[in-house]
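2 protein chains.
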Amino acid sequence: MARAPELGSDVHRERHRAVLETAARLICEKGYEAASVQDIADACGLTKAGLYYYIRSKEDLLLEIQNYGMDVFEERVLLPVLTIADPVERLKTCMEKNIHLVTEGWSKEVTIILHEHGTLTGAARAQINARKKRYVHFLESSFEEAMREGRIRRVEPRVAAFSFLGMVLWIYKWYRPEGKLGSDQIAREMQDLFFGGLETVKAKKPARKPATVKARARSKEKAA
Amino acid sequence: MARAPELGSDVHRERHRAVLETAARLICEKGYEAASVQDIADACGLTKAGLYYYIRSKEDLLLEIQNYGMDVFEERVLLPVLTIADPVERLKTCMEKNIHLVTEGWSKEVTIILHEHGTLTGAARAQINARKKRYVHFLESSFEEAMREGRIRRVEPRVAAFSFLGMVLWIYKWYRPEGKLGSDQIAREMQDLFFGGLETVKAKKPARKPATVKARARSKEKAA
Chain A
71 MARAPELGSD VHRERHRAVL ETAARLICEK GYEAASVQDI ADACGLTKAG
121 LYYYIRSKED LLLEIQNYGM DVFEERVLLP VLTIADPVER LKTCMEKNIH
171 LVTEGWSKEV TIILHEHGTL TGAARAQINA RKKRYVHFLE SSFEEAMREG
221 RIRRVEPRVA AFSFLGMVLW IYKWYRPEGK LGSDQIAREM QDLFFGGLET
271 VKAKKPARKP ATVKARARSK EKAA
Chain B
71 MARAPELGSD VHRERHRAVL ETAARLICEK GYEAASVQDI ADACGLTKAG
121 LYYYIRSKED LLLEIQNYGM DVFEERVLLP VLTIADPVER LKTCMEKNIH
171 LVTEGWSKEV TIILHEHGTL TGAARAQINA RKKRYVHFLE SSFEEAMREG
221 RIRRVEPRVA AFSFLGMVLW IYKWYRPEGK LGSDQIAREM QDLFFGGLET
271 VKAKKPARKP ATVKARARSK EKAA
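Protein chains in written order, with our numbering: chain A, 71 to 294; chain B, 71 to 294.
Chain A extracted, bound-state conformation:
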């Protein structure tokens, strides 16, 4: 939020994004210590001064990359699903969107820095951890809500939340864009794997009510 003014125009936003993704790639390849500001500037096709227009300092880079990762995650995954009333649909759509983000949304190195680089300390670490925890709490409370409404059988919300996350986030370790498994198929298979055993018979009831054409079309769309 505090960085919004800097992200004024779309062009600037795109270049800022490209700088952070390039920096993430170099940090993953060379290590944080070994990747110099000059290396990052070269890789971005910028002078050092030009690079400093986009980043405050090398020290700040890891935090910038992680905040960028969390910004995109919230924009593309979390915010669009918050308004879905049914908790199971909310969780399923969230899983699908998060899988698409991990497979196509940004460079793999952003995910690596977001989830593997324990190098942040102090306030920076606390800031990123708070953003990550918000996601865990969202998942836990959605599972709790789904149980209360009888939409799923009883689960331990914390184990369910972290199982969901583990399945989805581990994808960056094995997914190959050129492989035979596309992200749509992975999303469908994981939704079935995860929710197939959770949803109660009651949850399948809507099919028994005389469904409207629109509702049927929507559910077909989802299944396709």
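Because the hints were derived from the structure by calculation, they are not lab data. This structure is a prediction, so every number in the text was calculated from the model and none was measured. Just to be clear, a hint being listed does not mean it is correct.
Note that the list lumps identical chains together, so a pair holds whenever it fits in one copy or between two copies.
What the hints assert, rightly or not - With a cut-off of at most 35 Å between alpha-carbon atoms, the simulated DSBU-like pairs for lysine-lysine come out as follows: (1) Lys-250 - Lys-118; (2) Lys-167 - Lys-203; (3) Lys-178 - Lys-118; (4) Lys-118 - Lys-202; (5) Lys-100 - Lys-202; (6) Lys-202 - Lys-162; (7) Lys-162 - Lys-118; (8) Lys-178 - Lys-167; (9) Lys-203 - Lys-250; (10) Lys-250 - Lys-100; (11) Lys-128 - Lys-167; (12) Lys-202 - Lys-243; (13) Lys-243 - Lys-162; (14) Lys-162 - Lys-100; (15) Lys-128 - Lys-250; (16) Lys-100 - Lys-118.
With chain A held as given, fit chain B onto it using these hints.
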């Protein structure tokens, strides 16, 4: 296997294990470049010469730690389940044993180096990747076998294998030994989450037959 002669006595094996776990902790804390052989020797309570009795070189350390991790994994998780005839029981027991390994079997830092340090190159990298791939293939072929035998519904074996792995291996990122969730409970919950929706009606049939008191008690236990 090639290292077996060095691991002759139990005492030596225990010290070797302690050295590798201490080195793993230092590498995770300081970074591989920054953690010197002297630092590692100090942390182990050894002289540099004494440390070299256990490790060949600093360069070799990451490979040693990963091979140690894979040795313990194969000994405690993979080998004991290979002989289980029923593929679903094999997979469930494998999940349970792997969860226990991640939560209690060794230091968290061994898992981190095993799964996050992409620093190995060439032959060393190929060696560890081959050992990891053996596990993935074991899981895939067990899922395939379970489908052939009608024990589970249709799944994409690769997605199922990596979903299994993601759930189980992500645990090192959130598990706290002092937390309220014990590893037994996590194992039970994850087995139910993962296999609850996979097993076919055929597999659940015993419950439809007039259940014995024992069987009913057992299923209550599972639900608790």
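Results for each hint:
1. Taking CA atoms no more than 35 Å apart as the test, Lys-250 paired with Lys-118 passes in neither setting, with 41 Å inside one copy and 50 Å between copies.
2. For the identical chains of this complex, Lys-167 and Lys-203 are neighbours both inside a copy (18 Å) and across copies (28 Å), given an alpha-carbon limit of 35 Å.
3. With identical chains, the CA atoms of Lys-178 and Lys-118 are at most 35 Å apart within one copy only, with a shortest distance of 25 Å there and 39 Å across copies.
4. In this assembly of identical chains, the alpha carbons of Lys-118 and Lys-202 lie at most 35 Å apart only when taken from the same copy (32 Å versus 41 Å across copies).
5. For a Cα distance limit of 35 Å, the shortest separation of Lys-100 from Lys-202 qualifies both inside one copy, at 26 Å, and across copies, at 24 Å.
6. Taking identical chains as interchangeable, the C-alpha atoms of Lys-202 and Lys-162 lie at most 35 Å apart whether they share a chain (19 Å) or sit on different chains (30 Å).
7. In this assembly of identical chains, Lys-162 and Lys-118 lie within 35 Å of each other by CA distance neither inside one copy nor across copies; the values are 44 Å within and 54 Å between.
8. For the identical chains of this complex, Lys-178 and Lys-167 are neighbours both inside a copy (16 Å) and across copies (30 Å), given an alpha-carbon limit of 35 Å.
9. Proximity of Lys-203 to Lys-250 under the C-alpha cut-off of 35 Å is found in both arrangements, the shortest distances being 33 Å within a copy and 17 Å between copies.
10. Within a single copy, Lys-250 and Lys-100 get their C-alpha atoms as close as 30 Å, which meets the 35 Å cut-off; across copies the closest is 39 Å, which misses it.
11. For the identical chains of this complex, Lys-128 and Lys-167 are intra-copy neighbours only, at 31 Å inside a copy versus 42 Å across copies, given an alpha-carbon limit of 35 Å.
12. When the C-alpha separation of Lys-202 and Lys-243 is checked against a cutoff of 35 Å, the pair qualifies both within a copy, at 19 Å, and between copies, at 12 Å.
13. In this assembly of identical chains, the alpha carbons of Lys-243 and Lys-162 lie at most 35 Å apart whether taken from the same copy (22 Å) or from different copies (23 Å).
14. Neither within a single protomer nor between protomers do Lys-162 and Lys-100 lie at most 35 Å apart by alpha-carbon distance, with minima of 37 Å and 39 Å respectively.
15. For a Cα distance limit of 35 Å, the shortest separation of Lys-128 from Lys-250 qualifies neither inside one copy, at 38 Å, nor across copies, at 39 Å.
16. Proximity of Lys-100 to Lys-118 under the C-alpha cut-off of 35 Å is found in both arrangements, the shortest distances being 18 Å within a copy and 28 Å between copies.
Of the numbered hints listed earlier, those contradicted by the structure are 1, 7, 14, 15.
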